[in-house]
Amino acid sequence: MEDTLLALAAQNLVSPSVLFFGMGLGASLGRSDLSVPEAIARFLSLYLLISIGFRGGAEVAHQGLTPALALTILAGVVLSAGLPFIAYAFLRGAGLDHINAAAVAGHYGSISAVTFVAVTGALTQLALPYDGYMIAVAAAMETPAIFSALMIARSREGRGSGDMSGDFLREIALNGSIVALLGAFAVGCITGERGMTSLKPFLLDAFPGFLCVFLLDMGLIAGRGLRDGWKSLSVPVAGFAWIMPFIGAAFAALFAWLIGLSAGSTAVLMTLGASASYIAVPAAMRLALPAANPAIALTLSLGLTFPFNLIVGIPLYIAAAQMIAR
Amino acid sequence: MEDTLLALAAQNLVSPSVLFFGMGLGASLGRSDLSVPEAIARFLSLYLLISIGFRGGAEVAHQGLTPALALTILAGVVLSAGLPFIAYAFLRGAGLDHINAAAVAGHYGSISAVTFVAVTGALTQLALPYDGYMIAVAAAMETPAIFSALMIARSREGRGSGDMSGDFLREIALNGSIVALLGAFAVGCITGERGMTSLKPFLLDAFPGFLCVFLLDMGLIAGRGLRDGWKSLSVPVAGFAWIMPFIGAAFAALFAWLIGLSAGSTAVLMTLGASASYIAVPAAMRLALPAANPAIALTLSLGLTFPFNLIVGIPLYIAAAQMIAR
Amino acid sequence: MEDTLLALAAQNLVSPSVLFFGMGLGASLGRSDLSVPEAIARFLSLYLLISIGFRGGAEVAHQGLTPALALTILAGVVLSAGLPFIAYAFLRGAGLDHINAAAVAGHYGSISAVTFVAVTGALTQLALPYDGYMIAVAAAMETPAIFSALMIARSREGRGSGDMSGDFLREIALNGSIVALLGAFAVGCITGERGMTSLKPFLLDAFPGFLCVFLLDMGLIAGRGLRDGWKSLSVPVAGFAWIMPFIGAAFAALFAWLIGLSAGSTAVLMTLGASASYIAVPAAMRLALPAANPAIALTLSLGLTFPFNLIVGIPLYIAAAQMIAR
Amino acid sequence: MQTFAKKRIEILIERALLKRLTEKLERTGVSGYSVAPVVGGRGRAGRWEADGQVGAAAGMFVVWCIVDPVRLDELLQAVFAVVAQQVGLVSVGDVEVVRPERF
Amino acid sequence: MQTFAKKRIEILIERALLKRLTEKLERTGVSGYSVAPVVGGRGRAGRWEADGQVGAAAGMFVVWCIVDPVRLDELLQAVFAVVAQQVGLVSVGDVEVVRPERF
Amino acid sequence: MQTFAKKRIEILIERALLKRLTEKLERTGVSGYSVAPVVGGRGRAGRWEADGQVGAAAGMFVVWCIVDPVRLDELLQAVFAVVAQQVGLVSVGDVEVVRPERF
Ligand SMILES: Nc1ncnc2c1ncn2[C@@H]1O[C@H](COP(=O)(O)O)[C@@H](O)[C@H]1O
Ligand SMILES: Nc1ncnc2c1ncn2[C@@H]1O[C@H](COP(=O)(O)O)[C@@H](O)[C@H]1O
Ligand SMILES: Nc1ncnc2c1ncn2[C@@H]1O[C@H](COP(=O)(O)O)[C@@H](O)[C@H]1O
Ligand code: NA
Ligand code: NA
Ligand code: NA
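Chains as they are written, first to last, in the numbering used here: chain A, 1 to 326; chain B, 1 to 326; chain C, 1 to 326; chain D, 1 to 103; chain E, 1 to 103; chain F, 1 to 103.
These aren't lab readings, by the way, just hints derived from the structure by calculation.
On a predicted model such as this, the values are computed, not experimentally measured, just so you know.
Virtual Cβ for every residue (Gly too), placed ideally from N, Cα, C.
Some clues are possibly wrong.
Which chain E residues face chain D? A few, computed with CB under 8 angstroms, are given here [what the hints assert, rightly or not]:
1. Leu12
2. Glu26
3. Gly29
4. Val38
5. Arg42
6. Pro69
7. Ser91
8. Pro100
Chain E residues, not near chain B, derived (Cβ > 12 angstroms throughout) [said to hold, decoys possible]:
9. Val70
10. Gln77
11. Arg102
Far from chain D by the CB rule (all over 10 angstroms, computed), these chain A residues [to be verified]:
12. Arg31
13. Arg42
14. Pro67
15. Gln125
16. Leu126
17. Gly166
18. Ile190
19. Ile221
20. Phe251
21. Tyr278
22. Leu287
Let the sequences and hints guide you as you build the complete structure.
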């Protein structure tokens, strides 16, 4: 058991995608001019969402829906909405100011799609099955955290500090990454096996390659963030980025146990709880909490929490999930 | 027969590419901020042209040229040059002004490469063979319509309204999409089997995936067009977008019958006749007929005719082709 | 022997990638508006470097390192540093002015990654093995030529003409293309077989396709260069572009023979010696020798030497290597 | 050619706020505006680059708008209603146009 | 530093017409011009965005040209010969340059 | 709204030199600058286009910087230290801003 755990951690550490992330990080910290054009980075992100969504949908078309789906989505929503309150309390204790603490808290309630990919990849390698509908759970966890962050922000400064107009709600609900993920999920559900056959070379076989380029880019961005952003971080706030994942994973484990999820799905839910958004939430926070400094949240979520989950967290969550799952 | 027809229509409707088009359309009508970067969209369009052209060429290298080739190309040119006159008469009857009617008519004489892909995909699924050189026919049909549109426009307003300088002719003949299509066709002809082996994973296997992303983008653009453009359309003009395809297909069927094409090639020629350009012709019309409103033609061809052909038209043309072909 | 040589030349001439280069060249000389978006071109170049580097690394993981590695890298560095002096003497003799001769000379000491790909492709087709670490040799040959060019430039004009600050050295050493190549090489070394399995569809199978699009783009750029740049070239200077490759290849052959490289590796080293940079060196020259006209070097290296090596040079170098190698 | 004096307002704005700004401009009834990409820069919040960015929060644009001088003040008010809190650098220059009826 | 007064002409133009405009500029003998992308905007013909566009008709550019004031009128004539019928927003501003011999 | 007169410096610069220029600007202590892409143009060195380019030498950018008039000269000196030898078109225009404390 422990052996597998260590072996998995070691193997994750030297997986091509983690190494490409490290290469980007190193290049960026060393001030190399290596870069991925913006249009390509946006395409890679769209590609990953479509691939993840489609595969989840095709999986559901194959497995059918289990009754646990509704409960798991509910658990996801509660986690996403609840974790920001805990994160906020932690961050305030660590000395971060009200508005920045609220903004960062929003990021940690939401999820990271690439971390989701990493855990499912590890599970596949270990031959631990998980439910295809977990991608729908991931989608459901994207936004509730945003509203919690706004509620926290308003609790103190009144109506002014958080815009919650109907326009804002529509923008949140229809933001491109959610539409791409759920749209591709729906296409996968509808076309099932047949769709998978025709799209497999592009969406499945080429996926690890595209993922490596995307992670190279994430490494470059994270390095840039760390280079400029570490000055605005105190040690306790930086510590948050490595402790909060365990808190999120623990609550997720509790819910998973209550629902009775399989070991694989438990590990996925834990990883979702432990991961932090760096694509969808930042935009919402700029709109709603413009006074917050976006560099703080990005440095924490992409520069610290993301690699931590990839290398240390995921093997731990999987090990824990195997012990917890009934 | 009818069963196959309906089944094909149903299957087309739930093919991943049509669903991705629908997803883009929905996202755009719902004002989501989902988007495909311009550089990616241009690359996808280049990729599709190269893939289509290369496969056509490799097919010709394999099958050899049949004597019908010259006749079929001639038929294509006559269709492309002739259909605009019919389209113009229709549109004038529907109340569109002279210059816009001429510009739209030019779009409907020309062809849509993605509609071509859709019909060949359906034929492959039905195991109905068609001639590889049909891609050369498609290329030949791209431009004659442009000149007809200019002649129509000039017929009334004299020399001023349509620029036909040598420069303009060169720009039309060497426009990027024709060069990419014919160039790749030539490479396919020359390298044949050997080229196909090395390029298959990229140009063939990944094709359905790239096509889905392209159609997602087309859906987004079509939705934007419909959102802004439907106000400038009267009901009769909108009706044109769904009736003109049948007129184009009928004339194409006649020519195919006269030449004695196979059922598959007949279906392809009908689809080419029925489809309308939304990539090559708009640029030519901006240069030659600047007074025309480009939004009208784009809304009709991409927003109405394109999905109509994909879902309703192609199954009908195939069914008709099977009855017609000798 | 001669037959194989001619057959290889003929086959190279009609390989899809050379044909796509020709198609781009033709389109560009004919003033077609065909173009590849800048973001895509930059991505393709990144992709090629990652793919080449990773495959080299995976090869080394598989074969292990031979003792000749250190010697071969040393030979590469000497070639890269030495050839510019010969090139400079040649160019001055051909009538080019001091500063432009120095800049062009720098390009010819360095190497072209795509020419490297072409020779390894031809070797694979001929079933002639070469060492995986040759990619590391290629990387080592990228920069020494830059410093030789600066030394040549300074020799006459004193300190002013070539900036050699620490910043400049860092920029050269960490330029994006070297980081991508060596980073991917390291990832390939570390992940070996396992990494190759997951990345094969993207980095290996799709490679010929991406290469074709890249070469189409290179053809477009080369055509643009030739169209605008040929006026600034005299006949002797243009002749340099076709004679210098033989000089570079000859010196490389000598070193290869001294080290005792296999026929395959000899052919690779000769091709590296014969090829000229058109990605990494131009940027360094703009920084260090701003008075040089960049169009001259680009027209020579991309417009003349690159296609020459692809079509004529590589078959000759392989034939010679087979005779030379012990 | 006879030319007429107009004002050119230029606004630097984050991607996340672009839509709000342009909708605001439309509501004030300007005759038109244009948007161009910005790929990097430095301000009080430090340095940034567009390269490699994926989020809808990343990136900036420059929006400019040629208007009649009499409408300038009204437009500035509208613009500052959107950019007040966030980054948004607003500057105004003088230009001459040939076809004054367009603005 | 001593500076010299020049004119800066700025032209918004559709992709389809860009080549004609720049060739026209070259024929008038300007010392140079630059082209930058525009990614969206709104005018009499409605709103548009570059994102996702594929056709050679889609997209706009802004072309600008710094010239000596004495050449302004001639250049405006040339520009309007190309943009008269189509979209093409032309505006002129004042700038100072340090190396006047370039223009 | 009350506005305040500032200067807008605009510099056309090659990709290879961009980093040097922005670092120089930062060292002079400007409050900020912005960078936008240029996709083509023509000058003494002939015509160029960004499309399809891959090298780190290919491409140009326009960098602009809004500064207080009193700092103009110092800034121009700094800029010309970088662009003197290479291409680098520098021009200065007048703008008005609303929040003068930012510059
Ligand atoms: N003085 C300036 N001149 C030009 N652009 C500026 C200036 N100050 C700030 N900017 C731009 O505005 C953005 C945001 O500025 P700030 O809100 O000060 O961080 C910067 O990233 C720059 O792109
Ligand atoms: N007043 C304006 N200020 C800035 N840009 C404008 C203005 N009016 C029009 N434009 C730009 O010019 C394009 C064409 O305008 P129009 O021909 O009026 O549709 C628009 O899409 C805008 O990008
Ligand atoms: N008069 C001008 N107006 C605007 N841009 C110019 C002008 N002259 C040169 N440029 C730009 O500066 C670049 C380099 O100019 P040059 O150094 O003269 O080749 C050109 O490619 C243009 O993009
Ligand atoms: Na979370
Ligand atoms: Na047609
Ligand atoms: Na060399």
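The hints, checked one at a time:
For Leu12/E, the interface hint holds, the least distance from its beta-carbon to any beta-carbon of chain D being 6 angstroms, beneath 8 angstroms. For Glu26/E, the shortest C-beta to C-beta distance to chain D is roughly 21 angstroms, which exceeds 8 angstroms, and the interface hint is violated. A hinted interface residue such as Gly29/E counts as satisfied when its beta carbon comes closer than 8 angstroms to some beta carbon of chain D; here the least separation is about 19 angstroms, so the hint is violated. A least Cβ separation of about 5 angstroms between Val38/E and chain D falls short of the 8 angstroms threshold, and the interface hint therefore holds.
Because the smallest distance between the Cβ of Arg42/E and any Cβ of chain D comes to about 5 angstroms, under 8 angstroms, the interface hint for this residue holds. Below 8 angstroms, beta-carbon pairs count as interface contacts, and Pro69/E has none with chain D, the closest being about 12 angstroms; its hint is therefore violated. The beta carbon of Ser91/E is positioned within 8 angstroms of a beta carbon in chain D (closest approach about 4 angstroms), and the interface hint is therefore held. Among the interface hints, the one on Pro100/E is violated; its C-beta lies about 21 angstroms from the nearest C-beta in chain D, farther than the 8 angstroms criterion.
Every C-beta of chain B lies more than 12 angstroms from that of Val70/E, the closest at about 30 angstroms, which supports listing it as non-interface. With a closest Cβ-Cβ approach of about 19 angstroms to chain B, Gln77/E is found to remain outside the 12 angstroms limit, as its non-interface label requires. For Arg102/E, the shortest C-beta to C-beta distance to chain B comes to about 30 angstroms, beyond the 12 angstroms cut-off, and the non-interface label holds. With a least beta-carbon separation of about 12 angstroms from chain D, Arg31/A lies farther than 10 angstroms from that chain, consistent with its non-interface assignment.
Distance check for Arg42/A against chain D: the nearest CB is about 6 angstroms away, which does not clear 10 angstroms, and the non-interface claim fails. Annotated as non-interface, Pro67/A keeps its C-beta farther than 10 angstroms from every C-beta of chain D; the closest such distance is 35 angstroms. The Cβ of Gln125/A sits about 26 angstroms from the closest Cβ of chain D, beyond the 10 angstroms cut-off, so the non-interface label holds. Against chain D, the non-interface label of Leu126/A holds: every CB pair exceeds 10 angstroms, the least being about 29 angstroms.
Interface exclusion of Gly166/A from chain D stands, the closest Cβ pair being 14 angstroms apart, more than 10 angstroms. With a cut of 10 angstroms on Cβ distances, Ile190/A stays outside the contact zone with chain D, its closest approach being about 27 angstroms. Remark: the non-interface label on Ile221/A conflicts with the geometry, its nearest Cβ contact in chain D lying 5 angstroms away (cut-off 10 angstroms). Listed as outside the interface, Phe251/A is consistent with that label: its C-beta sits roughly 26 angstroms from the nearest C-beta of chain D, beyond the 10 angstroms cut-off.
Tyr278/A, annotated as away from the interface, has a beta carbon of chain D within 10 angstroms; the closest lies near 7 angstroms. Residue placement check: Leu287/A does not keep its beta carbon more than 10 angstroms from all beta carbons of chain D (closest about 5 angstroms).
Hint violations for this structure: numbers 2, 3, 6, 8, 13, 19, 21, 22, all remaining hints satisfied.
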